[in-house]
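Between the sequences and the hints, there should be enough to build the whole structure, so can you do that?
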Amino acid sequence: MSTQLQLDEKRRKAITQCSRCGFCRAVCPIFDLTKRPITNARGKMILMKEIMEGTVPVTEGVAQALLRCTTCMNCTVNCPSGVDPQEVIKAARKDMVAMGYDNLFKKMGEVVEKYGNIYGEEERHNWGHKKGKAPYALFVGCVGTFREEESVGEAIQLLDLLKVDFTMIDEVCCSGVMEDVGYKIKEELALRNIRELQKTSANTLITTCPYCYRVFKEHPSYKELGLEVKHITQFLKDFDLGVKTLKKVTYHDPCDLGRHAGIYDEPREIIRKIAPNFVEPRRSRENAMCCGSGGGLRGSFPEDSIEISRNRLSQMIEETGAEILLTECPSCLHNFRNAKLRKQKIEIYNITEFIAQLFQEGREKELA
Amino acid sequence: MNIEGYEFPEGLHYDKNHFWARVEGDLVVMGMNDYAQKMAGSIVYVGLPPEGKKLVQGKSFTKIESGKWLGKVFSVVSGELVAVNEELERKAKLINEDCYGKGWMFKIKPDNMEELKNLMTEPAVIQEWLKAEIAEHSKK
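Top to bottom, those sequences are chains L and R. Note that numbering that gives the first Met the number 0 numbers the first sequence so that position 134 is 133, with each residue one more than the last. Note that numbering that gives the first Met the number 0 numbers the second sequence so that position 40 is 39, with each residue one more than the last.
Don't take each hint at face value.
What the hints assert, rightly or not - Here are the simulated PhoX-like pairs of lysine-lysine, each with C-alpha atoms no more than 20 Å apart in a straight line:
(1) L:LYS198 to L:LYS229
(2) R:LYS52 to R:LYS71
(3) R:LYS52 to L:LYS342
(4) R:LYS92 to L:LYS113
(5) L:LYS246 to L:LYS272
(6) R:LYS138 to R:LYS58
(7) L:LYS106 to R:LYS37
(8) L:LYS106 to R:LYS138
(9) R:LYS62 to L:LYS113
(10) R:LYS138 to L:LYS339
(11) L:LYS12 to L:LYS93
(12) R:LYS71 to L:LYS339
(13) R:LYS58 to L:LYS344
(14) L:LYS185 to L:LYS113
(15) L:LYS105 to R:LYS67
(16) L:LYS48 to L:LYS113
(17) R:LYS62 to R:LYS101
(18) L:LYS339 to R:LYS92
(19) R:LYS62 to R:LYS52
(20) R:LYS15 to R:LYS138
(21) L:LYS93 to L:LYS106
(22) L:LYS129 to L:LYS185
(23) L:LYS216 to L:LYS229
(24) R:LYS58 to R:LYS116
(25) L:LYS9 to L:LYS113
(26) R:LYS71 to L:LYS106
(27) L:LYS247 to L:LYS183
(28) L:LYS105 to L:LYS198
(29) R:LYS90 to L:LYS342
(30) R:LYS90 to R:LYS101
(31) L:LYS339 to R:LYS108
(32) R:LYS62 to L:LYS342
Hints in this document: simulated from the structure, not taken from any laboratory.
Here it is as structure tokens:
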């Protein structure tokens, strides 16, 4: 067992590159909530430098402090020194585990292996959709399946309404999240997903979850997948949807879709087709504030996670006056819906869910 | 009364979905029992439906979440939801801190108070049921 941080040269350099300017404080969702220096990238870089120099020992407290980050990358895009703190933090989390400081996600890893999902649910919802061969395969992921089932159902319905020939599979967790919280992807689960997807003979994999999208597209364990990977917004952007709302609509950029995957325009292209009254929040695109659900924070510090979501939601309501908040990420959706106060009248949907409902409303009007 | 380390105050009605009921005038107050709140872990969210919602005894009408678990809330009686504990909106962990007091969840105007007879009140019955629940849960 290692007793020291094993960070490689690149990450050690990143830590020393941090000039301690504190620009990251202005954009850190956890620092915004707590005002505690250690919760922010600057504080963590200072901590890790002192550990590297031997002036601060590694303790359980250090391991816990490193978990208190959503890995939203807002620090990264705003760092004038070019540091990517969240990437260093994820590497340090692995070092903590290697040093014997297991965290609560060790149990989650065991659950994922045993049940094929992060929640330990014994049965996965049967969407009643075909599982066979088709040019497109749809992967919906754990959060959508077990926490925002209705939203996923609407997305499936939308694809059917648009006459997309797609199949679903017997999914298991993409398990990429384990890499963010100190552990490793579950190779066996990745192989199962690859096998199931290849059986479909699909050319393209569509994901409803931005995190799953990133894992399938980028993680070496999925390099043999052999399918083009698209987030559902990339897939839908060129469709002629033929539905509209006159309500004032705003959009929240999920960190996993935006800063991490660079997908900003496609969701907006879709929204502009259906919502002429689309209003951007002040902090959007690369500068969007995090919803608080990423980086394992919803599991490790759930109260912080929801409070961050509440702050972001309030910020967007205040800045835009929107009646409808759209996003396209099951984790963001779930956190916002948990965070929304009763007095806040804004409605919150995934884009695909909202469009499916517009179709439904259109059909009901025709029948009336 | 204390059953295997879990508090189950006398004078309340208990259902098999792990919720308790207390009569308050012509209303029924409900909440989660001590065993369930301990099993759930730190509760972070309770869905608070709008007042006026029609409820059916034994049917779920909203959700409750801890960091690791999502569960359903089942109504203890049929009737109309007349009040929610708005403190839970920002502090759902009141359910963990004081599940029979400040952590009450909903107030219902029952269609028929007689429905409470479907719930458990006898200590021996509650004890037998809870022990079976504990044994069942420990198998998982």
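For which of the previously enumerated hints does the structure constitute a violation, in increasing order of number? 4, 6, 9, 10, 13, 16, 22, 25, 26, 27, 28 and 31
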